[in-house]
Amino acid sequence: MKQGRRMGFLILTVVVVLLLVKLSHWQWTRGEQKAQHLAQFEANQAPESLSGSVQKGQYLAIDGQFRPEFAVWLDNQAHQGRVGYRLFLPFIPSQQPSQWWLVELGWMAAPALRRLPPVPELASRYQLSGFVDTPSKRVVLKKETASHDWPARRQRIDLQALKAQLPTLNTQWLIRTEKLVDVTTPRTDALAQAGVTPVWQPVVMPPAKHYGYALQWALMALAVSIGAGIWWYKTKQREAM
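Under this note's numbering, the first residue of the sequence shown carries the number 1, and numbering increases by one thereafter.
Heads up, a few of these hints could be off.
[As the list claims (entries may be wrong)] Think about it this way: if two alpha-carbon atoms lie no more than 27 Å apart in a straight line, the pair counts; the simulated DSS-like pairs of lysine-lysine are:
1) Lys209 to Lys34
2) Lys56 to Lys22
3) Lys137 to Lys234
4) Lys34 to Lys137
5) Lys179 to Lys234
6) Lys179 to Lys34
7) Lys163 to Lys179
8) Lys209 to Lys22
9) Lys137 to Lys163
10) Lys34 to Lys22
11) Lys209 to Lys56
12) Lys137 to Lys209
13) Lys236 to Lys56
14) Lys137 to Lys179
If you are wondering where the hints come from, they were derived from the structure by calculation, not from laboratory data. Predicted model, so just to flag it, every value in this text is computed and none were measured.
The task is simple: from the sequences and hints, build the whole structure.
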């Protein structure tokens with residue numbers, strides 16, 4: 001009977017340790033993936049124009065004009081404990097005016113009573129610097145109904161759905177703004193002037209945090225192994241008496 005309990009405990013210990021080691025390895029792998037992702041963004045810091053094909057993570061510097069009348073507000077966006085929206089506006093590059101780009105400008109706090117914030121005018125010509133990206137994948141419990149009202153409130157950014165109303169919109173990529181300059185007043189931070197806070201990050205959780213979690217799981221596996229070894233040793237000693 002005692003032998004059976006010991007074997008059962010040993011099997012359980014092995015299963016738990018293997019699970020903890022697997023979790024540690026998964027977190028470490030995620031950390032390495034995030035580090036590679038960040039390295040890609042850092043390698044693309046030299047600004048490029050729209051002269052050729054673009055790829056995810058590429059850093060662009062383009063000039064053109066916004067179309068604020070077609071503003072898209074991404075709902076349920078929290079920043080520093082406050083609820084708000086992320087603002088997206090179509091941008092018409094001077095270099096390729098036939099193709100519009102959807103641009104994330106940043107975050108704005110939500111007014112009272114679930115009203116939308118006022119859309120910044122942004123009527124000048126701007127120098128836009130930012131990263132090429134794809135829309136974030138968000139789970140939406142309820143399918144959004146098509147609406148032709150502007151500004152639009154959305155639970156997720158669907159470029160294909162927006163193209164139905166904005167036929168010249170690029171449906172493969174969008175741009176995450178890092179810097180925005182009004183060409184008529186180049187020393188002014190146009191984002192701050194518009195009341196918009198850039199909040200986008202290339203990764204949500206930094207690699208160091210993944211490595212920290214990996215270390216925690218590994219230490220837990222070690223602690224379980226040591227604890228099981230001590231229990232096994234003491235049990236054998238008691239039986240030998």
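Outcome of the hint check:
Proposed proximity of Lys209 and Lys34 is supported: the alpha carbons are some 10 Å apart, at most 27 Å. Taking the CA atoms of Lys56 and Lys22, the gap is near 30 Å; set against the 27 Å cutoff, the hint is violated. This hinted pair does not check out: Lys137 and Lys234 have alpha carbons roughly 53 Å apart, beyond 27 Å. In summary, the hint linking Lys34 to Lys137 is supported, as the alpha carbons are separated by about 17 Å, within the 27 Å threshold.
For the given pair, Lys179 sits about 65 Å from Lys234 by alpha-carbon distance, which is inconsistent with the 27 Å threshold. With a C-alpha separation of about 23 Å, the suggested pairing of Lys179 with Lys34 holds against the 27 Å cut-off. Among the hinted pairs, Lys163 with Lys179 is consistent with the structure: their alpha-carbon atoms are about 26 Å apart, no more than 27 Å. Annotation: proposed proximity of Lys209 to Lys22 holds, straight-line Cα distance about 17 Å (limit 27 Å).
Taking the CA atoms of Lys137 and Lys163, the gap is near 18 Å; set against the 27 Å cutoff, the hint holds. Proposed proximity of Lys34 and Lys22 is supported: the alpha carbons are some 18 Å apart, at most 27 Å. Note on Lys209 and Lys56: the hinted pairing holds, with a Cα-Cα distance of about 24 Å set against a maximum of 27 Å. About 22 Å separates the Cα atoms of Lys137 and Lys209, which keeps this hinted pair within 27 Å; it holds.
The straight-line distance between the Cα atoms of Lys236 and Lys56 is roughly 60 Å, outside the 27 Å bound, and the hint therefore fails. The hinted pair formed by Lys137 and Lys179 meets the criterion: a straight-line CA distance of about 24 Å does not exceed 27 Å.
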